[in-house]
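Enquirer: The whole structure should be built from the sequences, with the hints applied where relevant.
The sequence shown begins at 0 in numbering that gives the first Met the number 0 and counts up one residue at a time.
Hint data in this document are derived by calculation from the structure and do not stem from the laboratory.
All C-beta atoms in this analysis are idealised placements derived from N, C-alpha and C, irrespective of residue type, glycine included.
Treat the hints with care, since some could be wrong.
[Claimed, not checked] The calculated label-pair distances, taken between Cβ atoms and stated as ranges, are: (1) Phe-276 - Pro-254: 22 to 32 Å; (2) Asp-395 - Glu-357: 40 to 50 Å; (3) Gly-138 - Arg-297: 20 to 30 Å; (4) Phe-102 - Thr-238: 11 to 21 Å; (5) Ala-60 - Pro-243: 28 to 38 Å.
[What the hints assert, rightly or not] List of simulated lysine-lysine pairs, DSSO-like, C-alpha gap at most 30 Å: (6) Lys-93 - Lys-418; (7) Lys-364 - Lys-422; (8) Lys-93 - Lys-422; (9) Lys-364 - Lys-93; (10) Lys-418 - Lys-364; (11) Lys-388 - Lys-364.
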Amino acid sequence: MSADLHRLGVAELGRALAAREVSSVELTSHLLGRIASHEQLGALLAVEPEGALAAARDADARRADGDAGPLVGVPIAHKDIFVTRALPTTAGSKMLAGYLSPFDATVVERLAGAGCVTLGKLNCDEFAMGSANENSAYGVARNPWDATRVPGGSSGGSAAAVAARLLPAATGTDTGGSIRQPASFTGTTGIKPTYGVCSRYGMIAFASSLDQAGPIARSAEDCALLLGAMSGFDARDSTSAERPPQDFHAQMLMPRQGASATRPLEGLRVGIPAEFFPAALAGDVDGAVRAALAELERLGARLVDVSLPRTELSIPVYYIIAPAEASSNLSRFDGVRYGHRAARYEGLDEMYRASRSEGFGPEVKRRIMIGTYVLSHGYYDAYYLQAQKLRRMIADDFQAAFASCDVIAGPVAPSVAWKLGSKSDDPVANYLADIFTLPASLAGLPAMSVPAGFGEGGMPVGLQLIGNYFHEGTLLHAAHAFQQATDWHARAPGTTR
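Expert: Written out as structure tokens, the structure is:
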């Protein structure tokens, strides 16, 4: 069995560990070996084998003492946006090269408390700013389905590692689609919960009103197990939702009224917004998504037409609000308290300029400048305030749609993963790739990507499911039913399609 351990997902590994078919030490050693042999993917930035094996031994001891938690002994890794005591946290930036945090992020702390074994830190776009994982100061991450293509961003390292079977699951963050889009590009499953469900404490901030943590894994079941451990109220985070702990796995398995084994989604109303199927949508993506919608219908769901009329406005709204918040959040990196400090300068002002010029990459500088501009005197009302008003209207559009449906479905991205470097000189082209993920982020709604087929070049295509506030269970139930009837999520790079 040891030769195939990397093929198992979180739930499967939990069952194998519980049955004593494998130990966490054996599993951790196997995955550390795979990570070492796949360095060319650029998925991980830091690995600490000794610490991982020590944690695995502790997990085996917990199992021996009767701890039957489903995550005890399961190896994972964290996006390098979550601070950790045992491993450096860089946020993919030279600004934080070698930084060691004095504490663990709440998400890291909770998953460790659930028994997960941390293997390392995962590559990401610098300060989570990007759609391709090409903005990392430590090199690009590559898509394991085709190493000449991007894995998506900013959680590209997380998605690439899970897709390549280096890890059964990983953490990610989603500000404007940075869990869903890389999950779609790599054939993995990822969920962004309702804003506030997962604590942002210890998560290096990009845009505070948008950032949200979530898991990337093989299946909806795996995501449900991880999300249950990650989530919950945290008094240290002022934006944390004051809700009791949720058993998302139980919610996922709860049968619908009137459902049957062959029609598990009986009565589920799935909204199809016309705005998510524009003429510019690539034909291969359109075909895969429509086939997935037909499968949902076969499983008992009823497709209904809905409208999200301000979908196109989500791009200008997001790229005003997010950079504005980034310009504020990143002002703390000044070369004084922590982070990179220039070696040569004369005077305080020059130290600030030199340290930031050397420490920040081009995309981060671009967004800081945009954000500073829209917040400046004379432009705040014209840009930032108007964007916030439109944000509320986008959220209202969703509420109007949910009056006639339970879930909204459509594509995650307009195309499959593109070639590395093909959009590097055109940041607007990268921004436009977020057209279908931004609306849910601006509204703070839960949304996920579910593998739904393949498109041009044999590259994965994801189906996006969006739910109403705190309806993660509904999304996970629909995704699980879909995955019980299909095997797109079980396909791995190199397998026959």
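Enquirer: Each hint should be assessed against the structure and marked as holding or not.
Expert: Status of the hints after comparison with the structure:
Taking the beta carbon of each, Phe-276 and Pro-254 are about 31 Å apart, inside 22 to 32 Å as hinted. The hinted window of 40 to 50 Å between Asp-395 and Glu-357 holds, with their beta carbons roughly 44 Å apart. Distance hint check: the CB atoms of Gly-138 and Arg-297 are about 44 Å apart, inconsistent with the given range 20 to 30 Å. Our hint of 11 to 21 Å for Phe-102 and Thr-238 holds, since their Cβ atoms are close to 18 Å apart.
A C-beta distance of roughly 30 Å is found between Ala-60 and Pro-243, which places it inside the suggested range of 28 to 38 Å. About 25 Å separates the Cα atoms of Lys-93 and Lys-418, which keeps this hinted pair within 30 Å; it holds. A hinted pair counts as satisfied when its Cα atoms are at most 30 Å apart, and Lys-364 with Lys-422 qualifies at roughly 18 Å. The straight-line distance between the Cα atoms of Lys-93 and Lys-422 is roughly 23 Å, inside the 30 Å bound, and the hint therefore holds.
Our distance criterion of 30 Å between C-alpha atoms is met by Lys-364 and Lys-93, whose separation comes to about 13 Å. Using a Cα cut-off of 30 Å, the hinted pair Lys-418 and Lys-364 holds, with the two alpha carbons roughly 24 Å apart. Only pairs whose Cα atoms come within 30 Å are accepted, and Lys-388 paired with Lys-364 is accepted, the gap being roughly 26 Å.
The structure fails to meet hint 3 from the earlier list, while all remaining hints are met.
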